[in-house]
Amino acid sequence: MKLTNKELANLYMKYKKEKKLYKQKQRQSLYDLNHYFECKKFLALIKQEMHRRGLKKKDAKKLCNY
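Under the working numbering, residues 327 to 392 are what the sequence shown spells out, in order.
None of these hints come from the bench; they were simulated from the model. Heads up, some of the hints might be wrong.
[As the list claims (entries may be wrong)] Using C-beta positions, here's what the derived DEER-type ranges look like:
id, residue 1, residue 2, range
1, THR330, TYR357, 17 to 25 angstroms
2, GLN350, LYS383, 15 to 23 angstroms
3, LEU371, LYS349, 16 to 24 angstroms
4, ARG378, LYS351, 28 to 36 angstroms
5, ARG379, GLN352, 30 to 38 angstroms
6, GLN374, GLN350, 38 to 46 angstroms
7, LYS382, GLN354, 30 to 38 angstroms
Ideal Cβ positions, reconstructed from N, Cα and C, are used throughout, including at glycine.
Please put together the full structure from these sequences, using the hints given.
Okay, structure coming up:
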């Protein structure tokens, strides 16, 4: 499965917003904490792929629909 740069940018913004929402809510349940760590892991993978393709954060923000 291949992702286009636009799809990659959408994933980046989605997980970045979810991570930000978790920090604002400051919930303490294990489910929320687990989701936060999943978001961090997915963001790291997405950033690595963006770096490999030469796609910068500013370019990703321009490409995404959010």
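Verification of the supplied hints:
Remark: the range hint 17 to 25 angstroms for THR330 to TYR357 is contradicted by a beta-carbon distance near 32 angstroms. For GLN350 and LYS383, the Cβ-Cβ distance of about 20 angstroms falls inside the hinted range of 15 to 23 angstroms, so the restraint holds. The given range of 16 to 24 angstroms is respected by LEU371 and LYS349, whose C-beta atoms sit roughly 20 angstroms from each other. Evaluation of the 28 to 36 angstroms hint for ARG378 and LYS351 yields a pass: the beta carbon distance comes to about 32 angstroms.
In this structure the supplied range 30 to 38 angstroms holds for ARG379 paired with GLN352, their Cβ-Cβ distance being about 34 angstroms. The supplied range of 38 to 46 angstroms is broken by GLN374 and GLN350, whose beta-carbon atoms lie about 26 angstroms from each other. The supplied range of 30 to 38 angstroms is met by LYS382 and GLN354, whose beta-carbon atoms lie about 35 angstroms from each other.
Of the numbered hints given earlier, the model fails hints 1, 6; all others are met.
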